[in-house]
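Sequence lines, in order, name chains A and B. Residue numbers for the first sequence, in the working numbering: 3 to 139. Residue numbers for the second sequence, in the working numbering: 2 to 159.
Hints listed in this document are in silico derivations from the structure and should not be mistaken for laboratory results. Ideal Cβ placement from N, Cα and C applies to all residues, glycine included. Any given hint could turn out to be false.
[To be verified] A few chain B residues that face chain A, going by a derived Cβ cut-off under 7 Å, partial list only:
#: 1; residue: Leu26
#: 2; residue: Leu33
#: 3; residue: Tyr64
#: 4; residue: Phe67
#: 5; residue: Glu83
#: 6; residue: Thr86
#: 7; residue: Pro87
#: 8; residue: Phe90
#: 9; residue: Leu128
#: 10; residue: Val131
#: 11; residue: Phe132
#: 12; residue: Cys135
#: 13; residue: Cys138
#: 14; residue: Gln139
#: 15; residue: Val145
#: 16; residue: Gly151
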Amino acid sequence: MTPLAVAATLLGLVALATVLGTAWKVSTGRVRRLTGDVVRLPEVPIEGRATLLQFSTQLCAPCAPTRRVLGQIAASTDGVNHVDLDLTHRPDVAARFNVLQTPTTLILDRTGAIRARIGGAPRQADVRAALASILAA
Amino acid sequence: MAEASKGIDPRGPRFGAVITGVLLLITVGLWLDGLIIAAFAVLVYITLVFGWGAFAGVQRHPYGLFFKRVIRPRLKPPAELEDPTPPTFAQGIGLVISLAGLAISLVPGLGLALPIAAALAFVAAFLNSVFGYCVGCQIYLLLVRVGVFGRHRAGLEA
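Input sequences plus hints: build the corresponding full structure.
Next comes the structure, spelled out in structure tokens:
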């Protein structure tokens with residue numbers, strides 16, 4: 003290979019990684035509104051007006067900050083609970099809800115039905131906005 | 002101060018990933034340039050450092066120690082500390098990819114495995130260093146789902 007072709011290949015590799023990283027950055031933490039199944043798990047009590055159900059594992063760096071963000075929202079919003087479920091020993095739950103990354107957060111309404119899903123670390127303002135419209139409905 | 006139990010500066014592993022990423026890119030470049038043995042040697046070095054990080058823990062990683070002693074004192078304290086387990090796991094993933102690349106490239110006719118493994122590891126290191134992507138967040142869960150980790154085991158507690 004000529005030095006120019008080598009340089010072009012390496013630049014292409016950097017460009018590819020940049021495109022992948024940008025795509026990931028854009029999609030991660032986005033709130034997707036949906037109407038899904040009702041969640042019935044022994045670990046997840048459905049109480050109050052809404053539940054923030056967080057899926058974590060032991061090897062997930064953004065899970066701890068996510069726990070803090072969702073915990074704050076639950077503490078400061080009347081009738082909203084936060085449940086953090088470690089999927090390490092629950093591959094069945096990961097398969098059932100098709101969880102491909104941690105943290106993944108489901109916002110459940112008062113009946114336990116899935117109303118929104120967030121893959122990756124959620125942003126506080128986005129979760130509050132989604133919660134507000136779910137609680138208003 | 003029990004710094005290890007409190008967590009690490011999350012910028013440490015990202016700083017290390019910059020160095021590793023540059024070296025992986027050099028590996029690919031050397032291989033493409035026909036300098037196969039040089040590429041192999043650089044990847045052996047990268048693999049050894051991945052192994053160090055994976056087995057000794059990311060707190061004892063050479064680039065992490067350099068960051069802690071030389072660079073971190075010049076920076077503002079981090080917004081928050083991070084559990085060292087996820088970046089240690091990422092070192093293990095790097096170790097598996099680079100070791101597989103080295104081994105497969107020794108098979109006659111499969112030399113291409115070396116730059117492919119280096120390129121894959123480069124993409125992971127680049128995403129980690131530039132975008133703060135967490136490798137373990139997807140791969141670990143995938144391994145849990147196919148039954149490699151979790152279930153009846155106690156997990157991967159270091």
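We went through each hint and held it up to the structure:
no. : hint   : verdict
1   : Leu26  : 6 Å, holds
2   : Leu33  : 5 Å, holds
3   : Tyr64  : 17 Å, violated
4   : Phe67  : 21 Å, violated
5   : Glu83  : 6 Å, holds
6   : Thr86  : 6 Å, holds
7   : Pro87  : 4 Å, holds
8   : Phe90  : 5 Å, holds
9   : Leu128 : 5 Å, holds
10  : Val131 : 6 Å, holds
11  : Phe132 : 4 Å, holds
12  : Cys135 : 5 Å, holds
13  : Cys138 : 5 Å, holds
14  : Gln139 : 5 Å, holds
15  : Val145 : 5 Å, holds
16  : Gly151 : 4 Å, holds
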